[in-house]
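Work the whole structure out from these sequences, hints included.
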Amino acid sequence: MQIKEIQEEIIDEFSMFDDWMQRYEYMIELGKSLPLIEDAYKTDDNIIKGCQSKVWVHAELQDDKLVFTADSDAIITKGIIAILIRAFSNQKPKDIIEADTDFIDKIGLKEHLSPTRANGLVSMIKQLKLYAVAYQTQIK
Amino acid sequence: MQIKEIQEEIIDEFSMFDDWMQRYEYMIELGKSLPLIEDAYKTDDNIIKGCQSKVWVHAELQDDKLVFTADSDAIITKGIIAILIRAFSNQKPKDIIEADTDFIDKIGLKEHLSPTRANGLVSMIKQLKLYAVAYQTQIK
Amino acid sequence: MSWLSGIFVYQYIDMLDINKIREDFPILKRKVNDRPLVYLDNAATSQTPKQVIEAIVDYYENYNANIHRGVHTLSQEATDKYEQARIKIQKHFNAAKPYEIIFTSGTTHSINLVANGFAALLEDGDEIIVSAMEHHSNIVPWQMLCERTGTILKVIPMNMEGDLMMEEYEKMLSNKTKVVFCNHVSNALGTINPIDEIIKKAHGVGAAVLIDGAQAASHIVADMQALDVDFYTCSAHKICGPTGVGMLYGKEEWLNKLPPYQGGGEMIAEVTFEKTTYADLPHKFEAGTPNICGGIAFGAALDYMHQIGFKNIAEYEADLLAYATSELLKIEGLKIYGTAQRKTSVISFNIEGVHPYDIGTILDKLGIAVRTGHHCAQPIMDFYKIPGTVRASFSFYNTMAEVDTLVEGVQRARNMLL
Amino acid sequence: MSWLSGIFVYQYIDMLDINKIREDFPILKRKVNDRPLVYLDNAATSQTPKQVIEAIVDYYENYNANIHRGVHTLSQEATDKYEQARIKIQKHFNAAKPYEIIFTSGTTHSINLVANGFAALLEDGDEIIVSAMEHHSNIVPWQMLCERTGTILKVIPMNMEGDLMMEEYEKMLSNKTKVVFCNHVSNALGTINPIDEIIKKAHGVGAAVLIDGAQAASHIVADMQALDVDFYTCSAHKICGPTGVGMLYGKEEWLNKLPPYQGGGEMIAEVTFEKTTYADLPHKFEAGTPNICGGIAFGAALDYMHQIGFKNIAEYEADLLAYATSELLKIEGLKIYGTAQRKTSVISFNIEGVHPYDIGTILDKLGIAVRTGHHCAQPIMDFYKIPGTVRASFSFYNTMAEVDTLVEGVQRARNMLL
Ligand SMILES: Cc1ncc(COP(=O)(O)O)c(C=O)c1O
Ligand SMILES: Cc1ncc(COP(=O)(O)O)c(C=O)c1O
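Chains as they are written, first to last, in my numbering: chain U, 1 to 140; chain B, 141 to 280; chain L, 281 to 698; chain H, 699 to 1116.
Worth flagging that the hints you see were computed from the coordinates, not collected in a lab. Mixed in with the good hints, there may be bad ones.
To be verified - Reference excerpt, derived from the structure (chain B facing chain H, CB under 10 Å, subset only):
| # | residue |
| --- | --- |
| 1 | Phe157 |
| 2 | Ser212 |
| 3 | Ile215 |
Think of the CB as a built atom: it goes at the ideal place given N, C-alpha and C, for glycine as much as any other residue.
This is the structure:
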């Protein structure tokens, strides 16, 4: 599936909920299904700055696609990064770089979109895209 | 005359004026009649701190009375110190120390009574009284 | 002098009428995420009563002007009000002299001013002592000092309850000790430290003492002369005052010993390119145009607090603390960090298996504002080996009903997260 | 990003409607000594429009909270607004990056931050250059630096008109020169200095340049990137903003080179008692709880000024200056200090045989607020061999009628005093 399609899918899923509690509970569920990063990659280098909780992300090129794994010590943060990874993992770096992130707003997580948020959602997106940029050059 | 009497006299004089201009003009007049300090005493030590203009005051014991002379480079300040000297000069240190200063308020110079005023009227009164304290001990 | 009269109207009310008090705080009417705001982040910053907001508006609408040296009326009025505020602070803290109160931009600025000053007074090999439960603002400036001077930093350890180990402190003291610095109340734990004893012991070896009163000031009235403390500091924004202003109390003799911190207008007596002489206290430490409005509003905040009455505040907050503590402890897996006998109304806690950030996020969704994280006191977190805590801190305008909302909220968060 | 939109609404009005503008300033309705206030002390501090007062009230009534690291809504809102204000300042000064804007408590604080930082970068025998027409805030911190490091201070002389002697400046420059610091506009004389040239020449020998924009900011929009300046600073209280806040622009590479100034919360990445690492820009230089409300209101003040339009302001103030200059010069014995070609709307003057303090006092009686004294620029007074001047400084909310009132007032004072 393309990033766009996955995002639509996520939007669809979230549209079923009519209050924040259900949304957060689902997000926590998603967190539990996060493709976990290997312990060896849980290094300080892989920590994303700007989050109050710790978030580690690792990226690996498999053929021409970028595969992300991650973890966090906070479960809501884990849910957020899980959503991002679902949308961006297993995609071509180029597509990741060009991808929109409007869907965050549409699934009711707009409040997390300010760059000053302590949860660092903006930092996470930035980091995933940075990985994509880095690996993009590697492909060429 | 006693300090109290002189102060009454000053209050009487000022009560003839009905606006600030007349009061200031009279004060400026009084400034011109100030018993001037000898140049030799116009030293940095004799400058009163806390005034935007310079005010020098000198005190001398004559018999058991304290005689003040002064000068300032600003004419309004000169008027103010002239009024103070008229009230306090040629008096016994003890009487100077104990003297009230309410008359300042009564002649319409209340605005100058705050310790933060740039003209330093409060500093001047304090300085005259400090001289009195110093010479008081000398008399005993 | 007549312009001083009427500053202090201590009007002790016997029982606090919380509903009436809450009317004074416009922000408490706010909704957050469609729920009434429950503001329990008072240790980070307190809310501002309308009396203080009005003092700010009054300043800008009626007598805004640069102070000191101004001949015109507005400048005189602003100067008078600013200096009156200094005297309010002096009286509140029972300092001997008004000029022992230095206006700063806050506690952090105050501590840096002192630590920087000591750079000129300390020598290689001298020792300074800090407590294990300090805010970063009372650690980093001293570390910077140590780097500059070769001074050695020693740390008074604490126990699991969050009490300082005073026997260890005594052992550390020697004639090498030059400064001891410690907070009056810990922001992360709420512990009220035995500063009386800390000061006396330090003075026994001739060391100066700085007490960081940032967390204490809204709960406890500290008496500078009775404590015989050398430096004491707090921030207005934690005592119902505005942001950007604080105070440093310093004993006259110490303030005279310390060199000036910042150079600029106001703090000089005479300036030539060859030589500059410094002004008298307090101006020596007040370079540049100060936070004039802030200083005046700081005074208004103290007036307001005195009108409520610090005794009433302390009693009521003790009730809030006792109730919240016992209710929170009913929640399974909840652990409180900081269980000292003497505490202010601050509760730092965690729930086993849950990250504090998650709890804070869910509570926010419920309209409840708490702080999560290391509270700028990483060494305490390291001590307990935790990433942070959830901190609920109560003020006299909080209600018992809000405590209930908090407890329900934490319970709900726990259910969602575990 | 969407939360940024709507910040800048530049709405240039072609001709200023002064009466309408005056309605924005509540204080202008005041009476002083039973006369309408004529406020001509704008160079000391500007007055505050209701738009800024409202921003302050809005903060305290609706989203007062400690910023950064807070998970709850109020803290997020306050953080967003504060960071938006930083971006407003960045755009106004056309800085390349938002984190090149450091919030400080004012110009004096900014300059001390930089001067203190250079203590770590300079060596014995290095030279720094100052202009002869600086405010004490841009002299004393550097003198303190020289004392600490053995750096040599050189002074660019000025001529009787109040222009810097640029040939002398060029002669002073050498590869020993490490910093040049100079005000954009002199507060005592109004001279607009050729900072473009000053910066270029300094860069020619590899020296850094700090421009003190305290007096310029309300009259001239300085473009950081076009000027290629290394540091630039101003205070909000002189640009229709609140007291207690200012900004320091620093080029990223310079801000990275300078060590932190104050230690405390916010400015650290990691704290242990053994070792502390510092946070990224801008936080490295923003220790402690900042003047949150002040920063936000600073942003509101810039919005307000842009709504009036800096171009309109400059044109109108030039008219005020021209008219006031020609009218004042009609008074016998009146001498103006500072007659440079390029000037802001500041007139420093004396009347022969009269002390400036006396004139200021009489003017105050007439409701006219001017400043008298050395204006924290004693070296300038020494240069002209005078104790001080009377300074009338005009803002866009002053009227031609107020100029007339001033001129009549000075005439009247002269008659009384001579
Ligand atoms: C040219 C100049 N520099 C520096 C300052 C100091 O500014 P502040 O007092 O706001 O720190 C002023 C203000 O008087 C000034 O006019
Ligand atoms: C104990 C303690 N010290 C110092 C500070 C720093 O105060 P400010 O940020 O107002 O400078 C705080 C505030 O968080 C504190 O709680």
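We went through each hint and held it up to the structure:
1. Phe157: violated, 13 Å
2. Ser212: holds, 8 Å
3. Ile215: Check passed: Cβ of Ile215/B comes within 5 Å of chain H, closer than 10 Å.
Going down the numbered hints, you'll see the structure goes against just number 1.
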